[in-house]
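Hey, can you work out the whole structure from these sequences and the hints?
Position 51 (the sequence shown) corresponds to 51 in the working numbering; numbering is contiguous.
You may find that some hints are simply not true.
As the list claims (entries may be wrong) - Lysine-lysine pairs mimicking BS3-like chemistry, simulated, CA-CA at most 25 Å apart:
1. LYS103 - LYS248
2. LYS156 - LYS248
3. LYS156 - LYS237
4. LYS136 - LYS199
5. LYS248 - LYS54
6. LYS54 - LYS140
7. LYS199 - LYS152
Simulated from the structure, these hints should not be mistaken for lab results.
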Amino acid sequence: MAVLGGAFTTTLDVNDQVTAVLNRRMSLANLNVSRNEAGVTPWADVFGTMNEGKRLFGNGAGYEADIYGAVLGFDYTATCGGILGLAINVGTSDGNSTGNGQKVDNDQDFYGVSAYASRQFGSFNTKLDLGYLVTKNDLKTASSYFGATSEKLDAKVFTVGLGAEFLASAGAVNVVPHAGIRLTTIDMDESSFGADYDKMTVYQLPLGVTFSGSFDAAGWQVAPQFDLSVVPTFGDKDAVVTYAGNVKDTTRVVDTNPVQATLGVSAQNGAWTFGLNYGLTAGGDDRMNNSLNANVRYTF
Numbered sequence: 001m002a003v004l005g006g007a008f009t010t011t012l013d014v015n016d017q018v019t020a021v022l023n024r025r026m027s028l029a030n031l032n033v034s035r036n037e038a039g040v041t042p043w044a045d046v047f048g049t050m051n052e053g054k055r056l057f058g059n060g061a062g063y064e065a066d067i068y069g070a071v072l073g074f075d076y077t078a079t080c081g082g083i084l085g086l087a088i089n090v091g092t093s094d095g096n097s098t099g100n101g102q103k104v105d106n107d108q109d110f111y112g113v114s115a116y117a118s119r120q121f122g123s124f125n126t127k128l129d130l131g132y133l134v135t136k137n138d139l140k141t142a143s144s145y146f147g148a149t150s151e152k153l154d155a156k157v158f159t160v161g162l163g164a165e166f167l168a169s170a171g172a173v174n175v176v177p178h179a180g181i182r183l184t185t186i187d188m189d190e191s192s193f194g195a196d197y198d199k200m201t202v203y204q205l206p207l208g209v210t211f212s213g214s215f216d217a218a219g220w221q222v223a224p225q226f227d228l229s230v231v232p233t234f235g236d237k238d239a240v241v242t243y244a245g246n247v248k249d250t251t252r253v254v255d256t257n258p259v260q261a262t263l264g265v266s267a268q269n270g271a272w273t274f275g276l277n278y279g280l281t282a283g284g285d286d287r288m289n290n291s292l293n294a295n296v297r298y299t300f
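Right under this line is the structure:
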């Protein structure tokens, strides 16, 4: 049930949302991030996303999930421009299988903690984050033979990401090419129905470019930005489950090369900064994600 209910895929979707929040906080493209003044900044970020991969699992089967969450954090900006921070996340999702195959519903709750740091050297910026995430999956299905069936499975996620970017100017527009690598492991509980899931190790290689600028409007510093990225993915893209008698079943649960576009704007007035971002992810197997993110922070 965990595979068809999207437990693996939604767990990775949640991790992608949380790490994207941290990346926005650390990126040079975010012109309203203080970098030359020491200070402590508490911040909050909320997100909602509608994700689907209608044919991801093969044979016309896939999943869909609506994910809602919040990330709360604080960081310290040193006089050298380095940032060191800590964040916690919490949220929920409502997902289900789509298309052919067994119909499975998945109500998921999640929580986690992350640490992150960035350091700017002239026009060059480095980023690092570490995270631990737990998703609690409440899976339900029904069949004419077994009737209604349900089980609860937890997935434990560890992730580490390393990135680099370079700030260049083209007139009034800042151009920030960026690249990175991320390792994520997903360890799903063993099913009470005799299914043992292999631990997955997924590598992502985000490559892209961000365009941003800023202007003053009625005392506010407004900074729009647009990012376009491709995320090649390799490693364990299949969920492998072993049943009694050493019978194995393999299902593709991770996209290969999704393309992501994000349009955002932030506005700063004094110590307060507000931001809004819309993201679109498209890929093979009818992959389509739509996300909306809002954030606020205050710098002491």
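Okay, the hints, checked on the actual structure:
Taken as a hint, the LYS103 and LYS248 pair is honoured in the structure, with Cα atoms around 21 Å apart against an allowance of 25 Å. In summary, the hint linking LYS156 to LYS248 is supported, as the alpha carbons are separated by about 22 Å, within the 25 Å threshold. Our distance criterion of 25 Å between C-alpha atoms is met by LYS156 and LYS237, whose separation comes to about 17 Å. A threshold of 25 Å between alpha carbons decides the hint, and for LYS136 with LYS199 the separation of about 16 Å falls inside it, so the pair holds.
Using a Cα cut-off of 25 Å, the hinted pair LYS248 and LYS54 holds, with the two alpha carbons roughly 24 Å apart. Distance restraint check for LYS54 and LYS140: the Cα-Cα separation of roughly 19 Å lies within the 25 Å cut-off, and the hinted pair is therefore satisfied. Restraint check for LYS199 and LYS152: satisfied, since their Cα atoms lie roughly 17 Å apart, inside the 25 Å limit.
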